[in-house]
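Protein chains: 2
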Amino acid sequence: MALVVQKFGGTSVADAERIRTVADYIGRTVRHGHQVVVAVSAMGKETDELLHLASQVSSTHPGREMDMLITAGERKAMALLCMALHDIGIASDSFTGSQAGIITDIDHTRAKILEIRPERIRKALDAGRVPVVGGSQGVSVDRDVTFLGRGGTDTTAVALAQALGADACEIYTDVSGVFSADPRVVPDARRLKRVSFEEMLEMNAAGCPKPAMRSVEFARNHGVRLHVRSAFTWEPGTWITEEEPSMEQALVSAVVSDTSEAKLTVTGVPDKPGIAARMFRALADRSINVDMIEQNVSVAGTTDISFTVPREDLTATHAVVESLRPEIGATGLTADPDIATVSIIGAGMKTQPGVTATMFETLAAEGINIEMISTSAIRLTCVIRRDVSEQAVAALHRAFQLEGAS
Amino acid sequence: MALVVQKFGGTSVADAERIRTVADYIGRTVRHGHQVVVAVSAMGKETDELLHLASQVSSTHPGREMDMLITAGERKAMALLCMALHDIGIASDSFTGSQAGIITDIDHTRAKILEIRPERIRKALDAGRVPVVGGSQGVSVDRDVTFLGRGGTDTTAVALAQALGADACEIYTDVSGVFSADPRVVPDARRLKRVSFEEMLEMNAAGCPKPAMRSVEFARNHGVRLHVRSAFTWEPGTWITEEEPSMEQALVSAVVSDTSEAKLTVTGVPDKPGIAARMFRALADRSINVDMIEQNVSVAGTTDISFTVPREDLTATHAVVESLRPEIGATGLTADPDIATVSIIGAGMKTQPGVTATMFETLAAEGINIEMISTSAIRLTCVIRRDVSEQAVAALHRAFQLEGAS
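Chains as they are written, first to last, in the numbering used here: chain P, 1 to 406; chain C, 407 to 812.
Looking at chain P on its own, in the form it has when it is part of the complex (with noise of 0.2 Å):
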């Protein structure tokens, strides 16, 4: 007998059918003699309906009481779950974030768990109910009920597996696992049985929706295995776990790219010390997240820093690098929001420079130019122009041989 924390993403459970089908599902596992706590996030598309009702009632959008709203989205959806699990014969019981012993900051929005104390949740397991935890929530130490943020139901159910000792943690979406690259680019890319953590967090940095990072990070934080897998075809997905020793090491798993940044340049800044810090505490300020800087080398004194940033946030940038520039003394400062990122991943890397190589001169095949580079140990990103970010995808996938079954 495991016990195993099954996670539903809003699409697993966008209305009643859906909702039946995962019940039906929970109930299988349940009956295979399974233990089985369930996170599940809100139906469809009911935060953005909630985000939405916000902005028509109010143009401040107070943390707790925004917190407080969303959380009723992931409240329905467990109590339906449920509902649905008690017609088919299997006892179990919702638990807000709250009831579930989920204690949080009091960051609200974007809470973080301090601790959980699953009483509650244990008891129910003893008593061979199903807990239903509502996703992605918990309670303040002031006693308030605060909201992880987007994805968050991924962290608490990888939270719940760590705090219960769960065997795996499965996280039920709504794509098959994780890919060598973007399926719907690339139609024969392949899904991977298996990925480090290491290679799923550039992954993610690079780009891939999910799961989501913050929870990947917790998963490998705490040893948690995570398997990524289908609520639609229910077929074994990829497992996302420590790297072994014995794990084949591929050259390269993964191709993603990424069309939400934005690139400026900021020209002629004098090469001394302290600008560039002036510039990004600014932007650090403003909560804006700067993911790639180049800056090139010095001529004449002066310099070109390039950085990218998520690209609703590019006016914001530009507005603030723009006031300082009188202060930094740059001559100039062009935002571009027409760049994507495509980046390889993979854990083999690390021993093999002649990759670097092999995607350089792969994008010069396609006739695409490199604009930025920026690497880790076990990953590699070009910005590229947007509109030929597909074709890039398609060409490294091809050239690192990523094609075919898993």
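Worth flagging that the hints you see were computed from the coordinates, not collected in a lab.
As the structure is a prediction and not an experimental result, all values here were calculated from the model.
We put the CB at the ideal spot given by N, CA and C, even for glycine.
Be a bit skeptical, because a hint or two may be false.
[Stated by the list, open to error] Pulled a few chain C residues facing chain P out of the computed Cβ check, cut under 10 Å:
| no. | residue |
| --- | --- |
| 1 | Ile-425 |
| 2 | Arg-470 |
| 3 | Met-474 |
| 4 | Lys-482 |
| 5 | Ser-498 |
| 6 | Arg-526 |
[Stated by the list, open to error] Covered by chain P, according to a simulated footprint, are these stretches of chain C (three or more residues, beta-carbon under 8 Å):
| no. | segment |
| --- | --- |
| 7 | 453–466 |
| 8 | 499–512 |
[Said to hold, decoys possible] Here are some of the chain C residues that sit facing chain P, going by a computed Cβ distance under 10 Å:
| no. | residue |
| --- | --- |
| 9 | Asp-421 |
| 10 | Glu-471 |
| 11 | Met-484 |
| 12 | Met-489 |
| 13 | Val-538 |
| 14 | Arg-549 |
Following the hints, put chain C in place on chain P, whose structure we already have.
For chain C alone, kept in the frame of chain P given last:
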């Protein structure tokens, strides 16, 4: 400075614009120097929508999960109302029933309030903030979320008013008060400035839906002054208070009709002890609420028993009684769904028996047959044909001269 509890029902907060309108009104009350605690229902038809969802996922409706589901509605409304208050500069905090310290029994879907521990509400008031409490909800002694039932927000408001020692409890709704008759039936019906708790309870029992009877009982038992008024015109409505010695006692205050009941008649019942008890116990065991009961004078050792039940229980009631008929030895059973009750209510009736005669004469003059009669000290109810109920209400309203401005 007064402390008032303001209750807003579902139609009062049906959409974003209504929520902003309600927030403006609360803001005005606060700026006039008053302390306000708000109890709010789910938006518009949301509770119905949640019930519909429940019926789609499950045929069983476990009470614990139903309550978790339904209370999501008030949670949304209270958070949105707080945001709208923040937006106009009024500091406010939303509180679930649990956070508001509303402790209930474990009778899910219709929990009863056992105690209120309003520490967090008081603290918010002391800090100059407006607490907005989700209506009709609490936390059980088992730490589960409970729902007080439909219309329970009135009860939440009255109970909070009592616990906080508020100066008044204002019930804002989609009618502008309590009327001498339903204004849709009698266009010149008069809004009553004041009715006693006893009159209001009799009116509730006779079919007047607002405010919820249970909240009026609570208010009477604890001496909470109720003010029923409109969330659309905002004009003063009807005060429901203790009957004061100085209160001018109208002979008859209001005419109320109820078309939601049905009548059953059991004929040829042997006139011996225990027969009626056997039948009504069987109905009570099925939670069927019997309202009026009338037994004919015994003729030749048998009698006829007529009684009314909610029309939706007619089929079930018929089945129960039919199954008992051999045992009881009754010769016949008829069911009649096409009845109505019409009632006159007034504290002044106690000492004015002539009212009965006027009522019977008025109905006779309209050619309306009286099928059953039931009385209390301040109410007189007749069962008549359903299709003449509006005619009866209008005629009685004229006969007792209830029309005109308040």
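Interface restraint verdict for Ile-425 of chain C against chain P (beta-carbon cut-off 10 Å): holds, 5 Å
Hint validation: Asp-421 of chain C versus chain P, beta carbon distance must be below 10 Å. Holds or violated? With Cβ-Cβ at 8 Å, under 10 Å, it holds.
Per the CB criterion, is Lys-482 of chain C less than 10 Å away from chain P? holds, 5 Å
Less than 10 Å between beta-carbons is the criterion; does Arg-526 of chain C satisfy it with respect to chain P? holds, 8 Å
Under 10 Å, Cβ to Cβ, is where Arg-470 of chain C needs to be relative to chain P, so tell me if that hint holds or is violated. holds, 7 Å
Can we keep the Ser-498 of chain C interface hint, with Cβ of chain P closer than 10 Å? holds, 8 Å
Quick check on the hint: Val-538 of chain C CB to chain P CB, less than 10 Å? The hint holds - Val-538 of chain C has a Cβ within 10 Å of chain P, the shortest such distance being about 9 Å.
Report holds or violated for chain P covering the segment 499–512 of chain C, Cβ cut-off 8 Å, minimum 3 residues. Three-residue rule met by the segment 499–512 of chain C, so holds; n is 4.
Proximity test - 8 Å, beta-carbon atoms, the segment 453–466 of chain C to chain P, at least three hits: holds (count 8)
Take the shortest C-beta to C-beta distance between Arg-549 of chain C and chain P; is it under 10 Å? At about 7 Å, which falls below the 10 Å cut-off, the nearest Cβ of chain P leaves the hint on Arg-549 of chain C intact, so it holds.
Would you check whether Met-474 of chain C satisfies its interface hint, that is, whether its CB is within less than 10 Å of any CB in chain P? Because about 4 Å separates Met-474 of chain C from the closest Cβ in chain P, which is inside the 10 Å limit, the hint holds.
Regarding the hint that Met-484 of chain C lies at the interface with chain P, is the smallest CB-CB distance below 10 Å? holds, 7 Å
The structure meets every hint from the earlier list without exception.
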